[in-house]
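With these hints in hand, go ahead and build the complete structure from the sequences.
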Amino acid sequence: MLKYDIIIIGGGPAGLGAAVEAYEKGVKNIVIIERDKYLGGILEQCIHNGFGLQEFKEELTGPEYAQRFIDKVEEYDINVMLETMVLEITPDRIVKAVNSKEGVFTIKAGAIILAMGCRERPRGAIMIPGTRPAGILTAGTAQRYVNMEGYLPGKEIVILGSGDVGLIMARRLTLEGAKVKAVVELMPYSSGLTRNIVQCLEDFNIPLLLSHTVIEIHGKDRVEGVTIAKVDENREPIMETAQYISCDTLILSVGLIPENELSQKAGIELDPITGGPIVNEMLETSVPGIFACGNVLQVHDLVDNVTAEARLAANSAIRFIREGEFGKSNIAVKAGNGIRYVVPQKINVDNIEKRIKFRMRPVNVYNNAMLVVKSGDKYLLRQKRQRLTPGEMIDVNLSKDILKNANLEEGIVFLVEEG
Amino acid sequence: MELKEITCIVCPLGCRIQVEMEGGEIKSVKGYSCSRGLEYAKNEVTMPKRTITTSVRAIGGHLPLLSVRTKEPVPKEKIQEIMLELAKVEVKAPVKIGDVVVKNILGTGVDIIATRNLYVK
Amino acid sequence: MKEMYDVLIIGAGVVGCSIARELSKYKLKILVVEKGEDVASEGASKANSAILHAGYDPVPGSLKAKLNVRGNEMYDVLCKDLDVPIKRTGSLVAAFSEEEVKELYELFDRGIKNGVKGLSLITKDMVKEIEPHINDTVVAALYAKTAGIICPYGYTIAVAENAAQNGAEFVFNSEVIDIKKNGDFFIVKTHKEEFYSKYVVNAAGLYSDVINNMVGAKPFSVHPRKGEYLILDKDQGYLARTVIFQVPTKMGKGILVSPTVDGNLLIGPTSEDIQDKEFKATTREGLNKAITVAKRSVDKFDVRKTITQFTGLRATPDTEDKDFIIGESDVKGFINAAGIESPGFTAAPAIAEMIRDILKDAGLKLIEKVDFNPKRRPVIRFTELSDEERNKLIKENPAYGRIICRCETVTEGEIIDVIRRPVGAKSLDGVKRRVRAGMGRCQGSFCGPRVVEILARELNISPLEVTKHGRNSNILTAETKKFLLEKAAEVLKKEVYENA
Numbered sequence: 001m002l003k004y005d006i007i008i009i010g011g012g013p014a015g016l017g018a019a020v021e022a023y024e025k026g027v028k029n030i031v032i033i034e035r036d037k038y039l040g041g042i043l044e045q046c047i048h049n050g051f052g053l054q055e056f057k058e059e060l061t062g063p064e065y066a067q068r069f070i071d072k073v074e075e076y077d078i079n080v081m082l083e084t085m086v087l088e089i090t091p092d093r094i095v096k097a098v099n100s101k102e103g104v105f106t107i108k109a110g111a112i113i114l115a116m117g118c119r120e121r122p123r124g125a126i127m128i129p130g131t132r133p134a135g136i137l138t139a140g141t142a143q144r145y146v147n148m149e150g151y152l153p154g155k156e157i158v159i160l161g162s163g164d165v166g167l168i169m170a171r172r173l174t175l176e177g178a179k180v181k182a183v184v185e186l187m188p189y190s191s192g193l194t195r196n197i198v199q200c201l202e203d204f205n206i207p208l209l210l211s212h213t214v215i216e217i218h219g220k221d222r223v224e225g226v227t228i229a230k231v232d233e234n235r236e237p238i239m240e241t242a243q244y245i246s247c248d249t250l251i252l253s254v255g256l257i258p259e260n261e262l263s264q265k266a267g268i269e270l271d272p273i274t275g276g277p278i279v280n281e282m283l284e285t286s287v288p289g290i291f292a293c294g295n296v297l298q299v300h301d302l303v304d305n306v307t308a309e310a311r312l313a314a315n316s317a318i319r320f321i322r323e324g325e326f327g328k329s330n331i332a333v334k335a336g337n338g339i340r341y342v343v344p345q346k347i348n349v350d351n352i353e354k355r356i357k358f359r360m361r362p363v364n365v366y367n368n369a370m371l372v373v374k375s376g377d378k379y380l381l382r383q384k385r386q387r388l389t390p391g392e393m394i395d396v397n398l399s400k401d402i403l404k405n406a407n408l409e410e411g412i413v414f415l416v417e418e419g
Numbered sequence: 001m002e003l004k005e006i007t008c009i010v011c012p013l014g015c016r017i018q019v020e021m022e023g024g025e026i027k028s029v030k031g032y033s034c035s036r037g038l039e040y041a042k043n044e045v046t047m048p049k050r051t052i053t054t055s056v057r058a059i060g061g062h063l064p065l066l067s068v069r070t071k072e073p074v075p076k077e078k079i080q081e082i083m084l085e086l087a088k089v090e091v092k093a094p095v096k097i098g099d100v101v102v103k104n105i106l107g108t109g110v111d112i113i114a115t116r117n118l119y120v121k
Numbered sequence: 001m002k003e004m005y006d007v008l009i010i011g012a013g014v015v016g017c018s019i020a021r022e023l024s025k026y027k028l029k030i031l032v033v034e035k036g037e038d039v040a041s042e043g044a045s046k047a048n049s050a051i052l053h054a055g056y057d058p059v060p061g062s063l064k065a066k067l068n069v070r071g072n073e074m075y076d077v078l079c080k081d082l083d084v085p086i087k088r089t090g091s092l093v094a095a096f097s098e099e100e101v102k103e104l105y106e107l108f109d110r111g112i113k114n115g116v117k118g119l120s121l122i123t124k125d126m127v128k129e130i131e132p133h134i135n136d137t138v139v140a141a142l143y144a145k146t147a148g149i150i151c152p153y154g155y156t157i158a159v160a161e162n163a164a165q166n167g168a169e170f171v172f173n174s175e176v177i178d179i180k181k182n183g184d185f186f187i188v189k190t191h192k193e194e195f196y197s198k199y200v201v202n203a204a205g206l207y208s209d210v211i212n213n214m215v216g217a218k219p220f221s222v223h224p225r226k227g228e229y230l231i232l233d234k235d236q237g238y239l240a241r242t243v244i245f246q247v248p249t250k251m252g253k254g255i256l257v258s259p260t261v262d263g264n265l266l267i268g269p270t271s272e273d274i275q276d277k278e279f280k281a282t283t284r285e286g287l288n289k290a291i292t293v294a295k296r297s298v299d300k301f302d303v304r305k306t307i308t309q310f311t312g313l314r315a316t317p318d319t320e321d322k323d324f325i326i327g328e329s330d331v332k333g334f335i336n337a338a339g340i341e342s343p344g345f346t347a348a349p350a351i352a353e354m355i356r357d358i359l360k361d362a363g364l365k366l367i368e369k370v371d372f373n374p375k376r377r378p379v380i381r382f383t384e385l386s387d388e389e390r391n392k393l394i395k396e397n398p399a400y401g402r403i404i405c406r407c408e409t410v411t412e413g414e415i416i417d418v419i420r421r422p423v424g425a426k427s428l429d430g431v432k433r434r435v436r437a438g439m440g441r442c443q444g445s446f447c448g449p450r451v452v453e454i455l456a457r458e459l460n461i462s463p464l465e466v467t468k469h470g471r472n473s474n475i476l477t478a479e480t481k482k483f484l485l486e487k488a489a490e491v492l493k494k495e496v497y498e499n500a
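Chains as they are written, first to last, in my numbering: chain A, 1 to 419; chain B, 1 to 121; chain C, 1 to 500.
No wet-lab data here; the hints were simulated from the structure.
A couple of the hints might just be wrong.
[Stated by the list, open to error] Examples of chain A residues lying across from chain C (beta carbon under 8 Å, computed):
{"#": "1", "residue": "35"}
{"#": "2", "residue": "82"}
{"#": "3", "residue": "85"}
{"#": "4", "residue": "98"}
{"#": "5", "residue": "108"}
{"#": "6", "residue": "122"}
{"#": "7", "residue": "129"}
{"#": "8", "residue": "134"}
{"#": "9", "residue": "138"}
{"#": "10", "residue": "144"}
{"#": "11", "residue": "150"}
{"#": "12", "residue": "154"}
{"#": "13", "residue": "176"}
{"#": "14", "residue": "178"}
{"#": "15", "residue": "215"}
[Said to hold, decoys possible] With a straight-line Cα cutoff of 16 Å, these simulated EDC-like cross-link-like pairs (lysine to aspartate or glutamate) come out:
{"#": "16", "chain 1": "A", "residue 1": "101", "chain 2": "C", "residue 2": "387"}
{"#": "17", "chain 1": "C", "residue 1": "482", "chain 2": "A", "residue 2": "156"}
{"#": "18", "chain 1": "C", "residue 1": "280", "chain 2": "A", "residue 2": "221"}
{"#": "19", "chain 1": "B", "residue 1": "88", "chain 2": "C", "residue 2": "486"}
{"#": "20", "chain 1": "B", "residue 1": "49", "chain 2": "A", "residue 2": "59"}
Using N, Cα and C, we set each Cβ at its ideal position, and we do this for glycine too.
Structure (structure tokens):
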């Protein structure tokens, strides 16, 4: 069986970032397995700008950001298997994959980096009653049609959900001459970035209807309209507020789900909140030698953060193949009041170099609140934050010194203190 | 005195910037957290600009479209006109990332550049 | 002289297709005329409970009873020949009170009268053994060993394909708008053309009354009885091993919880008499009812794991006995297989036999074909192959090495195959029903564009012409830039006009 030091599953930003980092740190016997015809993953269809401000200190489009890494992969001559689908991963790091050239084959890895990204939540998962006509698609699928395949999915559009992809598509379709009639959001706040609300909706006078949802889809063969209604505080529709909007297309931007079917088959433990693997400070999953980064671990807002995460995963994988298993990560990291989840979910302070970055999302919108890190009754950190919103991921850095000097027996809790 | 509230779109922080105006002149700017934000806010109240990202039709490439953008931001009011102009453009593969697709689009002084490599099919 | 068919069958649901296949065993010219774009694409064969009923439910002595029991027996051989997955899971009618237990005795009694084999009344302990996740409130159950699960459209497609292999012809997108008896044959008119046939079989489901009345036979009516369903992710499939019914009511066999043959969990149907034969929508009330009632049987399922929902319409006859309407009408040569509601799917092969005999009695000559092939060319299911088999296949045809639907692991080779087969797929839903591409967790978000591309290539049409389910259900509206070019042309026209 062919053996690689590191097998990277997924050739999007996370996989590319991990591959380049591993190579630059001297581990060259690596391979990227990608199911699409090209490297770059979802970035290839994200032709809008806003990528790379942290990573390259300039504003790039998705394909430009990806190309910076693809150029390096080519320069370093890193092994890439395109149009190859991984069928199975085993806990002893054997990867079974298939493509049309080699058929089904197995390869063995010193370490595996999971970088499969995420997928969009479909209609079924949000239970909109009504008919099942053509013209209902997710924002990402719409984006692929418009930007990659060269087709417009409709002319009069309603978008359900105000995730970033939905906002981006509202602008994209408007620019292409379609009419986006409304963006309908169930929550009282948008789950997209504020800048996207400004430059994708406000710039084009597209109404954003907060605390609203689509309660019925109409049309036999093609969408003919949707009925929307306001929702109460329990997110139940208020029927008296129902109104009909005629449209030929309903685009869904109702959330992203990390793609972990392969991880599950390998026996990797998942976090029910993030949908991604439970990881430690090394981004190692519950199966030793298998690491996760990017949207397969947690859904990010910014690709720059994905790249940073990928670097950490690559360095951890290198350490694993050189030094073997790490000591146990016994300290639990928990989401307290006001925080939905925190990644990593457990840590071992000895493995941290100088500082460690925690990423999390709040459960609600908070203005001028304190972001607090506690262990037992002791405060490890208190930071004032102007604005916290579920649409924007929170980064918190903790230094090794703080952690070393604290009694962490009761674990670490992240929470929001209001007022 | 007029107060304008702006949400900065330069980076994902989304700073809320307040600009005080008097007789078309900027009196003060508050709430920004970097020099790019200050620049953006000043522009936004006088001549708002945006980077347009879109695509043009392509022949013989691995994709039917080539993704492009304005090399620098262009006046916001020009967006529609530039989109109509770009709809007429067709390029032939191969194209290299960064290549100029349209020079000085509609006299704005800004070039349209390719944002990906387009390979011959 | 226009071609003369021996038998023209109206409707390509499971009943029409089963009849076509049965008749394709004989030297006959057979045509199936279907309103929809595909087999099982419009009516009850597309959307039902996907169950082979044991047969304890129908009134003893009725056609429903007789044909249900006979049909059930026939499926093992049929599924083997046609390469259709079937699971004899057995079914439970669960009683949750002493009151309901009484009903079980009645059902048991009826089952015995109907000749159902493998029926037993079982106590709570045994129920829990068979069905560990059923609610603890269960008291007892009627266990029917012969009940099973099957994919209803998958089976219908297979039957149609085998009928076509044996010479039956199919036309789609052809709604019958008029039927006239012309001496000793019928002229059947659609929007597009006319067909001549010596015999006409009416298997038009919900519209079987319309067809019957069109030809001037003694009128009857059929109305839709709506049932709403939910399908949950495969990770919920473990919650039911058998088909779990509740004690039936007047309106039907109640809301069930059942595994599907593909491993998902099915919940439903509700039961509501409506008027509109085209009503295909789900409703908030209906779905909520299905969920609430199903929770009475099994409360552990997670509704958030719903991957899709649908409404099915049963073709309920408005006759006094509510039985199937099967037989030659008072218009000689016009034969009804009408008002086929539950257990119509189970009964379909037996109905086909019965129609054959009726045709024979009506004077149709049945001469057996020596070359009738009961077997459908086996379907390749990549997920079910060993790695050696996969490699052999990919070597012969590299398209089997390209996974298109990643949720259900469907290859390009499988998709091309079902497009090229007889009575092949012509739309996104057609592909989905045949190979499950787009039926998984992501519901086609990822593979949709790829399947559109493959369909366009194979059918030699533009992606703009590819539909979800025929008619005007186009997936795409225009090429990118089309709207802008139209606007640019308008602007230009305006300028020219203003300058003039």
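Against the structure, the hints:
The interface hint given for residue 35 of chain A is met, as the beta carbon of that residue sits about 7 Å from the closest beta carbon of chain C, less than 8 Å. Interface hint at residue 82 of chain A: violated, since its Cβ lies 11 Å from the closest Cβ of chain C, which is beyond the 8 Å cut-off. The interface hint given for residue 85 of chain A holds, since its Cβ lies 4 Å from the closest Cβ of chain C, which is under the 8 Å cut-off. At about 6 Å, the closest approach between the beta carbon of residue 98 of chain A and any beta carbon in chain C falls short of 8 Å, and the interface hint on this residue holds.
With a least beta-carbon distance of about 16 Å to chain C, the hint placing residue 108 of chain A at the interface is violated under the 8 Å criterion. Given the 8 Å rule on beta carbons, the hint for residue 122 of chain A holds: about 4 Å separates it from the nearest Cβ of chain C. Given the 8 Å rule on beta carbons, the hint for residue 129 of chain A holds: about 5 Å separates it from the nearest Cβ of chain C. Here the hint on residue 134 of chain A is kept, as its CB sits about 4 Å from the closest CB of chain C, short of 8 Å.
Satisfaction of the interface hint for residue 138 of chain A is found here, the shortest Cβ-Cβ separation to chain C being roughly 5 Å, below the 8 Å cut-off. Taking 8 Å as the C-beta cut-off, the interface hint given for residue 144 of chain A holds, the closest approach to chain C being about 5 Å. Given hint, residue 150 of chain A at the interface with chain C, holds; its Cβ is 5 Å from that chain's nearest Cβ, closer than 8 Å. Interface restraint check for residue 154 of chain A: the shortest CB-CB distance to chain C comes to about 5 Å, inside 8 Å, so the restraint holds.
The criterion of a C-beta within 8 Å of any C-beta in chain C is met by residue 176 of chain A, whose closest approach is roughly 6 Å, and the hint holds. The interface hint given for residue 178 of chain A is met, as the beta carbon of that residue sits about 6 Å from the closest beta carbon of chain C, less than 8 Å. Below 8 Å, beta-carbon pairs count as interface contacts, and residue 215 of chain A has one with chain C at about 7 Å; its hint therefore holds. Taking the CA atoms of residue 101 of chain A and residue 387 of chain C, the gap is near 14 Å; set against the 16 Å cutoff, the hint holds.
Simply put, residue 482 of chain C and residue 156 of chain A have alpha-carbon atoms about 14 Å apart, close enough for the 16 Å limit, and the pair holds. Of the pairs offered as hints, the one joining residue 280 of chain C and residue 221 of chain A holds, with about 11 Å between alpha carbons and a cut-off of 16 Å not exceeded. Distance check on the hinted pair: residue 88 of chain B and residue 486 of chain C sit about 11 Å apart at the alpha-carbon level, within 16 Å; holds. Between residue 49 of chain B and residue 59 of chain A the CA atoms are separated by roughly 15 Å; this keeps the pair inside 16 Å, and the hint holds.
In terms of the numbered hints stated before, the structure departs from hints 2 and 5, listed from lowest to highest.
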